[in-house]
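Line by line, the protein sequences are chains A and B.
So the first sequence is numbered by the working numbering: it starts at 1 and just counts up by one.
So the second sequence is numbered by the working numbering: it starts at 292 and just counts up by one.
Treat the hints as calculated values from the structure; they're not laboratory data.
Source: prediction; values computed, not measured.
One or more hints might be untrue.
What the hints assert, rightly or not - Straight-line distance between alpha carbons at most 30 Å, and here's what the computed DSS-like set of lysine-lysine pairs gives: (1) B:Lys345 with A:Lys82; (2) B:Lys416 with B:Lys469; (3) B:Lys361 with A:Lys82; (4) B:Lys396 with A:Lys82; (5) A:Lys82 with B:Lys368; (6) B:Lys454 with B:Lys368; (7) B:Lys397 with B:Lys420; (8) B:Lys420 with B:Lys463; (9) B:Lys463 with B:Lys509; (10) B:Lys396 with B:Lys469; (11) B:Lys368 with B:Lys396; (12) B:Lys396 with B:Lys361; (13) A:Lys82 with B:Lys365; (14) B:Lys463 with B:Lys473; (15) B:Lys296 with B:Lys515.
As the list claims (entries may be wrong) - Partial list, derived from the structure: chain B residues whose beta carbon lies under 8 Å from chain A: (16) Met341; (17) Thr363; (18) His364; (19) Lys368; (20) Tyr373; (21) Pro375; (22) Phe381; (23) Asp382; (24) Leu383; (25) Leu384; (26) Leu392; (27) His395; (28) Ala399.
C-beta atoms are modelled at their ideal positions from N, C-alpha and C, and glycine is treated no differently.
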Amino acid sequence: MANILILLFNGISEGALYFLMAASLSVILGLMGVVNFAHGTLFLWGAYVFRWVYVYIFPNNFILAIICATLAGFLIGLIFEKVFISRVYGNIGAQIMITLGLSIVFTELVRVIWGPSALVVGRPPMLAGASHLEFDFGTVIISHYRLFVIIVGVVVAVLGHFLLTRTRVGMTIRAGVQNSEMVGALGININRYFTLVFAVGGALAGFGGALFAPLSTTITPLSGNQFQLMAFIVVVIGGMGSFVGSALGSLFMAVMIALIGWTIPDISLVAPVALMALILIFKPQGLFKWR
Amino acid sequence: MSLLKVNDLVSYIGLFTILQGVSMEIQQGEAVAILGRNGAGKTTFLRTVMGLVKTRSGSITFNDASIIGKATHKISKLGIGYCPEDYGVFDLLTIEENLVLATHKKNAATRDRIAYVLDLFPDLKLAYKRHARTLSGGQRQMLSVGRSLVNSPALILIDEPSKGLAPVVIEKMALALKEIAKQSTIVLVEQNFHMALIVTDRYYIIDEGRTVHGGLMKDLENDKELQQRHLGL
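So that you can see chain A by itself, here it is in the shape it has in the complex (with noise of 0.2 Å):
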């Protein structure tokens, strides 16, 4: 039981991180229409800088790496929507070539500017520790910087739910993700929404990127691969467009993941790539569409 209830609490956390890359992926894929495989990059770049920032510019300042990942995310993603992937609005085959294409130049660019190798990142003092609580049962570690993910995710998907609900800005998003040509026609400039969708998509995955980053206490060039896969069939899960439907995926995730992992770990990986093409061929809307 402790076991189990340790398994679902490392899940969970990490289903904070494949939130954060899927609300903003599927934000992107319902409102523009792109499948952005270049979202994985925007993750590890996060992660590279929150570790050079934390380690060389800032030392030990963690709030301050993050917010620097965080930028480097917008950045980036600005870059991506204002220069590539504005020329390719519907056009599906090219926006899966130029997305893959920038995925692998900036994955490149990273083991060109930080090496190949795996690189060691400390947690912050204050989030280094973990509890142990004691119950009958048996003894349930907490580890602070896990629990502090979790949280964070938590947040992050109630502000971003109060945006989207509560402001014109939220509203021009959720009308633009059913239909964004009549948006436009309602006198509202729908691309520099485009942008700022794809902006904030890359932030939160910088975001991801630097909170992974502690949690996994090393990274590679190849660490934002998996958390892209996962983040996609959270997509296919959760309903594309759905932000609501990416925290649930997310969720939904984490625990399959943890409960999996418990009982046949052999096939962790592939249950929910499984899962995903089931979905994709009995409720391609998704689990959790009309949240």
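Using the hints, position chain B against chain A.
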């Protein structure tokens, strides 16, 4: 002075040329029907005016200024409201949000216009806080038309408001449009001849992407041969 003037308009979608020479003039305060068979190019004409379909040649002027090549949102802001064939209502938004989203300015005038829309379509007032996905076809059409009014546009383009609606709802919609036509210029694409007769005074017929006829609705009403030839009535 013409509010909208279209001259020999040619527009295309992908490899297909859809409009092959549409010309018309709409005066301020008129209600004009665009008639024609299915696939004649009526919807494409409205979409071309809104900048949603690309133009190959010809001209479109609104208030004497060319709007060819302008972005759709800029055309809208010039004072053209648009109700598409599929309503264009946002399902994930409430009725209130659909109306508020359409407002170009947040001031007393737009608040008054929203109140006017709700008076014109009381069904919308009753369901004001409900999500648009819960609305019936008729209510969605009311929302689409109502939303196009909130900025007091000089011109409203309405695409087949009777499509898929029950006869009693069509009657209500026709009367509402007649009321709107007292304040705004309307271009109405319509297959339902009866509705076009109630709402509009003048017509153009588009056939195979070209304007082939134009005149007064009351003359067309009596010209069974013309109706048969171009409208299949």
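| field | Unmet hints by their number, sorted upward, for this structure | value | Number 28 only.
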